[in-house]
Structure formats: structure tokens, C-alpha cells
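Engineer: Chains as they are written, first to last, in the working numbering: chain A, 1208 to 1512; chain B, 5 to 308.
Read the hints as simulated data drawn from the structure, not as lab findings. Treat the hints with care, as some may be off.
[As the list claims (entries may be wrong)] Taking CB as the label site, the calculated pair distances span:
| hint | chain 1 | residue 1 | chain 2 | residue 2 | range |
| --- | --- | --- | --- | --- | --- |
| 1 | B | T138 | A | R1361 | 42 to 50 Å |
| 2 | A | N1300 | B | D180 | 48 to 56 Å |
| 3 | B | K118 | A | S1344 | 45 to 53 Å |
| 4 | B | F33 | A | T1401 | 36 to 44 Å |
| 5 | B | L44 | A | G1349 | 29 to 37 Å |
| 6 | B | A125 | A | A1500 | 13 to 21 Å |
| 7 | A | P1496 | B | L44 | 53 to 61 Å |
| 8 | B | G60 | A | G1349 | 51 to 59 Å |
| 9 | B | D246 | A | T1360 | 41 to 49 Å |
| 10 | B | G60 | A | A1500 | 51 to 59 Å |
| 11 | A | Q1353 | B | I127 | 40 to 48 Å |
| 12 | B | L148 | A | R1397 | 44 to 52 Å |
We treat Cβ as the ideally placed atom computed from N, Cα and C, and that holds for glycine.
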Amino acid sequence: MASMRASRCFPRVLLVGFCLFGIACVAIAWRPQPGDRAPDAAPRAERTIQNTGSDTLVNLALAWAERYMGEHPDVRISVTGGGSGTGIAALINRTVDIANASREMKQEEIDTARKNGFEPVQHTVARDAIAVVVHPSNPVNGLTLQQLSDIYTRKITNWKQVGGEDRPIVLLSRESNSGTHVYFLENVIRLGETSDLMFSPDTLLMPSSEGISTEVRQNPNAIGYDGLGYVTPEQKKVAVARNAQSAYILPSVETVNDGSYPIARPLYMYTAGEPQGGAKTYLDWIMGPDGQAVVPTLGFVPLQK
Amino acid sequence: MAAISEPIARARPRWGEFAVETLVRIGGFSTIGFVVLIFLFLLREGLPTFFKVPLGNLFGTHWYPTYEFYGILPLVLGSVLVTVTAIILALPLGVATAVFIREMAPNWAREILKPMIEVLAGIPSVVLGFFGMTLLAPAIRQGLGVPTGLTAFTGALLLAYMALPTIISVAEDALDAVPKSYRDAGLAMGATQWQTIWRVVVPAARSGILTAVMLGLGRAIGETMAVMMVTGNAARMPITLDSLFRPVRTMTATIAAEMGEVAQGSTHYSVLFGIGIILFLITFLINLAAASAIFQKRRRGGLR
Chain A
1208 MASMRASRCF PRVLLVGFCL FGIACVAIAW RPQPGDRAPD AAPRAERTIQ
1258 NTGSDTLVNL ALAWAERYMG EHPDVRISVT GGGSGTGIAA LINRTVDIAN
1308 ASREMKQEEI DTARKNGFEP VQHTVARDAI AVVVHPSNPV NGLTLQQLSD
1358 IYTRKITNWK QVGGEDRPIV LLSRESNSGT HVYFLENVIR LGETSDLMFS
1408 PDTLLMPSSE GISTEVRQNP NAIGYDGLGY VTPEQKKVAV ARNAQSAYIL
1458 PSVETVNDGS YPIARPLYMY TAGEPQGGAK TYLDWIMGPD GQAVVPTLGF
1508 VPLQK
Chain B
5 MAAISEPIAR ARPRWGEFAV ETLVRIGGFS TIGFVVLIFL FLLREGLPTF
55 FKVPLGNLFG THWYPTYEFY GILPLVLGSV LVTVTAIILA LPLGVATAVF
105 IREMAPNWAR EILKPMIEVL AGIPSVVLGF FGMTLLAPAI RQGLGVPTGL
155 TAFTGALLLA YMALPTIISV AEDALDAVPK SYRDAGLAMG ATQWQTIWRV
205 VVPAARSGIL TAVMLGLGRA IGETMAVMMV TGNAARMPIT LDSLFRPVRT
255 MTATIAAEMG EVAQGSTHYS VLFGIGIILF LITFLINLAA ASAIFQKRRR
305 GGLR
């Protein structure tokens, strides 16, 4: 039946085509100008705090919000994930009060925020270790940062080159909107230096932490990384050494706090300008002893006093 | 009295008719309006891509938007590879199923099969994606001995499955339209049932089957969720021989995965909409090709 209808309409399909082409020409002439955008909506009521961003932080942010709402029944906090980039973009577009981020804001993002009329303010709320994970049957126990860099840039392509079985290495990473991805690129692949090294194009970009843990659990060829709070018992954590001479250290709250585990980073919350009212009270509570007491229960590392 | 009230009585239903007619007309035209508006929005947001990004970069082979590599070639080829493989897998199966339902199945089997196929079309793609990620991918890795089960082929299998209902129901319509006299003539010439189906009925319905393929293709290339979950999303160029069994990144998965990240108005944002324009053009061309196949058939005076 569908084809009958389509058959009568064929010249119309062409007509529609021409129309769209015409529209295309108009649209080329009419490109959006900078400053074309509508002025931003007024900030939300203080009693509801919108909190969006990093998937690494989302469980912790939820735990904080639940605890805080339990203590302050008049405050509503809504927490969603999506990635650090998502949260920061939302803050820049003024649709959230607090953006969670597992990386620092890029200069480009700060500039956009200033153009939108506010100065983003950074608050360090916890610390996190990035664990490197492999399949439990993988005999490799430790890797140096240099080896990790070589693996993720495809200079090392087989597990036997780092003391494992004769298997190809399958690279897993979070999507590039994840702060974990950016941190790993800058501090592991590029070893904290300015260079042009990139994730190999062969890297599988998984849309979620769950995607990484599923593949690592199933595939003995796989190597992945994720926030320590997301590592399940079915994945094997690899000890990491700064260089070939130093000790191989497993990630844990202790090794992050004493600074011996090399891939640890601060986690941030950003506000548009200095926080006011409800958001300020909430952030103070998070960084105070009550908030920080929640942190280790989810596998993160509390701020040091 | 009667002379006055009569025209009023007639006028009332006419007004109602007018109102309904207008509503239907507005409904019909608004569909066109929405398509035009969506297309306009897509162009407004996406066209700056072609001015902002140098073409050498845009049609390069390296996709890494965080560091301003906007090569869309691996994404386009990835989509093409997955979609074409899916159709190659789905076509024989879909046509065979349609032939079975239309020509061979006893009535009771047909009564069961047709609603089942409609149910097939209703399975949410995220469910299929999860199935693919947890069951299909490990099976493919072990069965084919490839480094990871998240490959273009895994995506193609799921897409084939999702395109099947479309292909089956449209192909079945096409077979349905072949006059009974063709079958009778075939059988009367001494052909077996199989020969009649294969040499007479299917060729007579081939333009309808072609439409089925085109519609299936359109369905497959736009699919996002399942593909994003099982193809691994590695933006490598699928040009080596083993590419089918290696990860790929499709256009749809790229848009879905990255759209949440971008700041409005940034280059990356425009490029994602630019990819949207390319997808739109591809599906439009596929629909055009489907329509023209039918149109030519009609002009020749054949069936459908």
C-alpha cells in the first residue's frame, strides 16, 4: 500500500526536493550572527538546586543530595549525569546552578562563560583515583605510565610485550565528553607534558562506565580505565608505577591520600559566580565534615584537612 | 416558517463540515511545515560547519573533536559499512519470509507470523542493544576469534534484525499485488510451485521488493542506540579487509554521544549538525531512489 501512495507522489518528491534546495539557499544567506542568541533565562529559585555533570561524580552527588535533603527537608536538589562537558555546557547556558566536573574548565569554556556574563567559580569537593582495569584472567599485574601511554597510542599492541599472554590488546575508553577521558589523555597518554599524542583511532569509546565494565568483564583482551568508585569486583585492577624504577601501587583511598598512586585527580563543582543562598549553604556542607564523611563510602577520597 | 428554517438546518452541517475539513487540511499541511522547519533548523545550525572548518580537515580521516580534528570520513564510511552489510544480511531473509507468508504458509501460520513480525518491529532498540552487548558480542568474539566482539558486523546483525519487519511487510504487499493469473499461468505451463514463485511471482514484484530494501536501508542508517552500544565507536577508517570485524563509529552514534557535551554555537556543535545534514541528504536520496524505482516501473506499464 505504501508503495502505491509513493508512486502517485513521485513528482512531488522532486518538488519537495526543490523546495528543500531553495530553503538551503536561503539558509546559506541567513547564518546566525554572534549575539543572535536570546538572553538567558533568570536564575532559578534558590530552594531548588539543579546539579548536572560528570558521570564520575554523579553517584557521590546523589548521595550528598539525599543526605542533605534528609537534613533540610525544605531544599530540593536534582542531580543528573551526562559527563563533565555536559555539565559545564549547561552551566554556561545557565540551565543549572552547580556543574559537576572531573576535569578543570577549559580556557575556551571559561571565555564562553564570561561572554555570557559570569565568572565560573571552581570548588574542589573530593578526590578520585583512576583505576586501570583488565579481565580477571589477565596475568599482567603492573604497568608503568610509559607502558600505558604506549598501549593507548598503539606502540604496544600485544599483551606479551608487557609480560602477558599472546593476545591482541583491545583499548577501551570513555567518550571524549568525559572528564576522565581528558584527564587520562593529558596525564597518562601525554605523561603530563605538552605533546601531540592522542588516543589511537582504534580505541573503543564506550558511552558509559557500564559499557567499559561489561566489556572488561567479558573480554580477556581488553584494557580500560575508570574512576575507582566504578570498578566492580569482576574487573582486575592493575598496579601503576610512575616509572620503571618506582614501586607498582594499587589504587585505594590510602595510596591516593599519601600521594603514591600516580593517577589521582581532584573532582570539582562549578558555580556561576560566587555561590549564593541555598547553593552556598549546600557547597559549604559538602566541603565540611558531614559532606566529606559520605565520600569514602562510595570509593572516593575525601579532601585532606 | 418552513421556508426560513430549512436553509438554517442545511447550513449547520455545512459549517461542521467546513470546520472538520479545515482541521484536516491544517493537520496535513502542518506536517509539511514541521519537516520544513526541522530542515531549516538543521541547516541554520549545521551549515556554518562548511565555513568554519577547512574542507581538508572536514573530509579528513581523523575524528577527534576535542582537539579540533573534524574528519567525518571514518564516520560516513562506518555508517555505510554497517548499513550495507545489514541490508545484505536482511534482504534474502526478509524476501524469503515474505514469500513464505504470502505464497506457502498455511492460513494458521500466516495468522501467527504476521502479528509476530509486527511485535518484532516494536522491540525498543536499547533492549536489542543490551542483548547485543551482553550476548552477541562475546559470542562473536569467541566464534570468529576477533580481538573484540564490538564490531561493525555485530551492529549489522542487529540492524538487519531491525530492518526485517519493514522489508517483510513491504515485500509482502508487493507479492500480494501480483495478479493471481500470473501464478495460474505459471502453474498451467507445468512449472512447480517453487519455479512459479522464483521465476514469475518474485520478478513481477521486484520493484516493490526494491522499495522494501530502500525503506529498510533508510531505517537502518538512522538507527542510533543499538549501534552505539555494539559497534565499539572507534573512529578508525574502515578501509582494510578485516574492517567488518573491527570496531567502527557511525554518524548517528557520534551525534548521540557528543551532542550533550558541546557548548551551543561552538565549532564542534556545528559539525555535529553538519553530520546531521549529511545523514538527512543520504536518507533523502534513498527515498528518492525508492520513489524513482516505482515511478519507472509505472511508466513501463508494469505492476506497481
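Engineer: Could you tell me which of the hints above the structure violates, numbers in ascending order?
Structural biologist: 1, 4, 5, 6, 8, 9, 12
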